[in-house]
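Q: As given, the protein sequences belong to chains S, H, D, U, X, L, A, B, G and Y, one line each in that order. Going by the UniProt record's numbering, the residue at position 27 of the first sequence is 27; the numbering climbs one at a time, nothing skipped. Going by the UniProt record's numbering, the residue at position 28 of the second sequence is 28; the numbering climbs one at a time, nothing skipped. Going by the UniProt record's numbering, the residue at position 34 of the third sequence is 34; the numbering climbs one at a time, nothing skipped. Going by the UniProt record's numbering, the residue at position 87 of the fourth sequence is 87; the numbering climbs one at a time, nothing skipped. Going by the UniProt record's numbering, the residue at position 60 of the fifth sequence is 60; the numbering climbs one at a time, nothing skipped. Going by the UniProt record's numbering, the residue at position 86 of the sixth sequence is 86; the numbering climbs one at a time, nothing skipped. Going by the UniProt record's numbering, the residue at position 73 of the seventh sequence is 73; the numbering climbs one at a time, nothing skipped. Going by the UniProt record's numbering, the residue at position 76 of the eighth sequence is 76; the numbering climbs one at a time, nothing skipped. Going by the UniProt record's numbering, the residue at position 54 of the ninth sequence is 54; the numbering climbs one at a time, nothing skipped. Going by the UniProt record's numbering, the residue at position 94 of the tenth sequence is 94; the numbering climbs one at a time, nothing skipped.
For the record, the hints were derived by calculation from the structure and aren't laboratory data. Hints should not be assumed to be uniformly reliable.
Listed below are several chain U residues computed to face chain L (Cβ distance under 8 angstroms; list not exhaustive) [said to hold, decoys possible]:
{"#": "1", "residue": "LEU4"}
{"#": "2", "residue": "PHE8"}
{"#": "3", "residue": "ILE54"}
{"#": "4", "residue": "VAL62"}
{"#": "5", "residue": "LEU65"}
{"#": "6", "residue": "SER71"}
{"#": "7", "residue": "PRO76"}
{"#": "8", "residue": "ILE80"}
{"#": "9", "residue": "ILE82"}
Stretches of chain U that chain D covers, calculated by requiring three or more beta carbons in the stretch to come under 8 angstroms of a beta carbon on chain D [unchecked claim]:
{"#": "10", "stretch": "16-23"}
{"#": "11", "stretch": "42-48"}
The calculated label-pair distances, taken between Cβ atoms and stated as ranges, are [claimed, not checked]:
{"#": "12", "chain 1": "Y", "residue 1": "GLU16", "chain 2": "X", "residue 2": "GLU81", "range": "42 to 48 angstroms"}
{"#": "13", "chain 1": "A", "residue 1": "ARG25", "chain 2": "Y", "residue 2": "GLU28", "range": "51 to 57 angstroms"}
{"#": "14", "chain 1": "G", "residue 1": "ASP67", "chain 2": "Y", "residue 2": "GLU28", "range": "19 to 25 angstroms"}
{"#": "15", "chain 1": "Y", "residue 1": "GLU16", "chain 2": "S", "residue 2": "GLU79", "range": "25 to 31 angstroms"}
Each residue gets a CB set at the ideal place from its N, CA and C atoms; glycine is no exception.
Number of protein chains: 10
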Amino acid sequence: MEFLVRQFNRMPADEESRRLREELRPRERQVAQRLREAGILRRLWRVPGTQHAIGLYEAEDVTVLHDALSSLPMFPWLEIEIEPLAVHPQERKASAAPAAGSGPE
Amino acid sequence: MEFLVRQFNRMPADEESRRLREELRPRERQVAQRLREAGILRRLWRVPGTQHAIGLYEAEDVTVLHDALSSLPMFPWLEIEIEPLAVHPQERKASAAPAAGSGPE
Amino acid sequence: MEFLVRQFNRMPADEESRRLREELRPRERQVAQRLREAGILRRLWRVPGTQHAIGLYEAEDVTVLHDALSSLPMFPWLEIEIEPLAVHPQERKASAAPAAGSGPE
Amino acid sequence: MEFLVRQFNRMPADEESRRLREELRPRERQVAQRLREAGILRRLWRVPGTQHAIGLYEAEDVTVLHDALSSLPMFPWLEIEIEPLAVHPQERKASAAPAAGSGPE
Amino acid sequence: MEFLVRQFNRMPADEESRRLREELRPRERQVAQRLREAGILRRLWRVPGTQHAIGLYEAEDVTVLHDALSSLPMFPWLEIEIEPLAVHPQERKASAAPAAGSGPE
Amino acid sequence: MEFLVRQFNRMPADEESRRLREELRPRERQVAQRLREAGILRRLWRVPGTQHAIGLYEAEDVTVLHDALSSLPMFPWLEIEIEPLAVHPQERKASAAPAAGSGPE
Amino acid sequence: MEFLVRQFNRMPADEESRRLREELRPRERQVAQRLREAGILRRLWRVPGTQHAIGLYEAEDVTVLHDALSSLPMFPWLEIEIEPLAVHPQERKASAAPAAGSGPE
Amino acid sequence: MEFLVRQFNRMPADEESRRLREELRPRERQVAQRLREAGILRRLWRVPGTQHAIGLYEAEDVTVLHDALSSLPMFPWLEIEIEPLAVHPQERKASAAPAAGSGPE
Amino acid sequence: MEFLVRQFNRMPADEESRRLREELRPRERQVAQRLREAGILRRLWRVPGTQHAIGLYEAEDVTVLHDALSSLPMFPWLEIEIEPLAVHPQERKASAAPAAGSGPE
Amino acid sequence: MEFLVRQFNRMPADEESRRLREELRPRERQVAQRLREAGILRRLWRVPGTQHAIGLYEAEDVTVLHDALSSLPMFPWLEIEIEPLAVHPQERKASAAPAAGSGPE
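Generate coordinates for the entire structure from the input sequences, incorporating the hints supplied.
A: Right, here's the structure in full:
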């Protein structure tokens, strides 16, 4: 099942938080890369002009997705909105069940 | 440049509109397929429980995207919201400019 | 996977629509009952003071749920919002995977 | 009477609050379990991607429900929205007054 | 249990609707008066500058309230929001259970 | 003139504020009781699941009401919304000018 | 007592409504002028780019104001929001009770 | 004085309206061109995916702007929001009063 | 040109801020009085139940208004919304250009 | 491609932040001027009554724009909303591709 996930970064802008974010960044990338390799994180975009992100995720169900997202080191400072995506009729034609993330491109 | 596009279908639910939608459907699919072949329409999902859709589009700029969307037969009945997507730092690492729609999957 | 589904009834209040709703009601109940027997529709409440409803649904994924909801005769006049529900840590303890809709009551 | 209750966890993400939440967690579960045994807390779900919850509660009236919720140790940090649920006509048929939380499943 | 009920009058402003409203008015008052005598409708105010109303209602539970409101002839044209009211600690002191609608005045 | 007043309690949930609220509570009740005796505070309800309140007030005009509300010790921490209430046509019939708060019950 | 009143003109843009508005305009101005002479309508502005208006009104209480506004021929097509205004401390100094609409100028 | 003006096109999507829009288009362009020559309309953009527009206008005051906008043939079907723009400190430096619309490019 | 200006007072409710507000108050009144004498501040009302204000201002253009408002000592703690007001057709009749703030009273 | 960019200044109003803003101002102007010279920042307005700004920007795509905006020293304290602008049909006539920011003035 595919999900569109908005990740609002609510970490304050003060100096202490800036340092904490730098410390967390390597592990954040590591966990994100692991989610990519597991086929859970399919695409990630930056909301321009912000520190927020939008991701295309795929998971067996939303509880598996919740566990994946809450494993991100930045999770305590993220405000997350999850939107489930149904297969569009036009993409059902392309293949019985299109490979996650690739779609009929 | 990639865009997330919400397409709200505002065609009324009465019988006359239902017939018009059936008439337009083949041409709507034709135009959508042409946009896919042009690399503009990358993915299309159904907002579950509705007749609305969310699409991942790619175009040189937003005026080209506008012209593509306004070529859809259903355009007069669509309320469309376009959100530009910036490349995320984590995906810049994967490749200088990741192929549209595929991402580092 | 469980979902909370809000079903706003947007059928107008004029006389013609009132008659149409009466005509559709028996088939609406039939389809709803079939969804109950399939274990998809678990609970249904009336939003007090309105013609809207809130339902607890369960389905393998959101595309299956979409197909179930769009099979309702009233679907063209329903504005539907679907909210995916993750298993709460407190209910994970009760049983590995609590039976849909019953919960640890 | 049944209620849908949204429980937004507004405790900040700093280290001190994280420790306080860990301290409160055992008592929070104790009180929640007592509310289950009293037939007040029927179901509890996690809003995926967040620390928020949605609960199906049942109580004689909303003042009894208020007292139950305000007995939760986390209450001072919870922003709560309560939505009363009326019995749906389709569930009135199943039984004069369906057992709380079970519904006609 | 007490409820604050907002009743938005969505009947259109055209001539035909104006005549229908005049026809319904006597029966609307009759039903409202019956609800007063049953102790369900306690107070009714006009939202100034509009055709909308706010009422203080009392009922055993919200399903009883729903049935009372849906018995109003204008119900099909009313958009209704129901807000349950809990007894305030300051009014619990006045009397164990203050008579509905009167309060400690 | 009658007013519906929403009083959102914005005092933070930390320990220091909790103690301050306990200190202010006796004087808060004293002032509230004085407003009752002056016929200004007619009814007070708890918004269930919160520390917020809804009150039915009556005052000669809104400046008098403002002065009454700003005399509450908790005023600096209250976010207040005031809604003026016009006499409903159905209550004009009952008595030329219904006694505040009692209505035609 | 002074009020800020927003008057949204919801009359549709079709030809028939345009003619009706022209017919009502003379009487609308007459009634408005009567309200000025009664000291109820103090100032009237156009919301630029629209057919909406904002007015500064003064009335003994909000029920008197409601009756004045509902006497406007355009009332059935107006969506009205009324905001009560309290005397500002800075204007209390100028004069015990500043003349409506003139203020301390 | 400069203004940012959003022009939402609320003309319905039915066939009759489509023909009316085609009829009005030449005159709409004529009036727009006159406003350009008068230095009132400085820039006009299309909100991508819609029939709405955003314009940069300049006028002596907002009443002059209102008269200019209400002279557009499409005015009855436009929902317009006007936002006044103050000169930014950084552009005050460039020139005492930068030529409207050109800015320091 | 006339403007309706909402001034939300966002100064926190703690003791330190309370003292700062008392210190600033005399200068705040001085500056406000200067703006009155300059014909810029025409009227000022208190939003009842709050520390917020609504003002009727008049200035040559919105940049002049911005400079006037930013000269208020409380400016750093004010969240301000400015709404430009166009002359209403009914007030154009009264006098070619009605004196600011007085209107045709 | 042109963009309308809203820059909300979320720096708190306390004394420490005021000093930090003064320190950052020279570099903020330097970076802004560099963006002007690069043809990226076309126009900048002050939202009257606030510390917020609205800018007309032009960039090859939104990732280039994101990098430009995140180079502003105030970026960590800015909440930014980016709106892509399509070329309006009326401005396509003026020139095949109107020079950025100038438009057909």
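Q: If a hint holds in the structure, say so; if it does not, say that too.
A: Outcome of the hint check:
1. LEU4: Violated - the Cβ of LEU4 of chain U stays beyond 8 angstroms from chain L, reaching only about 11 angstroms at its closest.
2. PHE8: This hint is violated: PHE8 of chain U lies away from chain L, its Cβ roughly 11 angstroms from the closest one there, beyond 8 angstroms.
3. ILE54: violated (13 angstroms)
4. VAL62: holds (5 angstroms)
5. LEU65: Since the shortest Cβ distance to chain L is 6 angstroms, the answer is holds.
6. SER71: violated (12 angstroms)
7. PRO76: holds (4 angstroms)
8. ILE80: holds (3 angstroms)
9. ILE82: holds (5 angstroms)
10. 16-23: violated (count 0)
11. 42-48: holds (count 7)
12. Y:GLU16 to X:GLU81: 42 to 48 angstroms: The hinted range 42 to 48 angstroms holds for GLU16 of chain Y and GLU81 of chain X, with Cβ atoms some 44 angstroms apart.
13. A:ARG25 to Y:GLU28: 51 to 57 angstroms: holds (53 angstroms)
14. G:ASP67 to Y:GLU28: 19 to 25 angstroms: holds (20 angstroms)
15. Y:GLU16 to S:GLU79: 25 to 31 angstroms: holds (26 angstroms)
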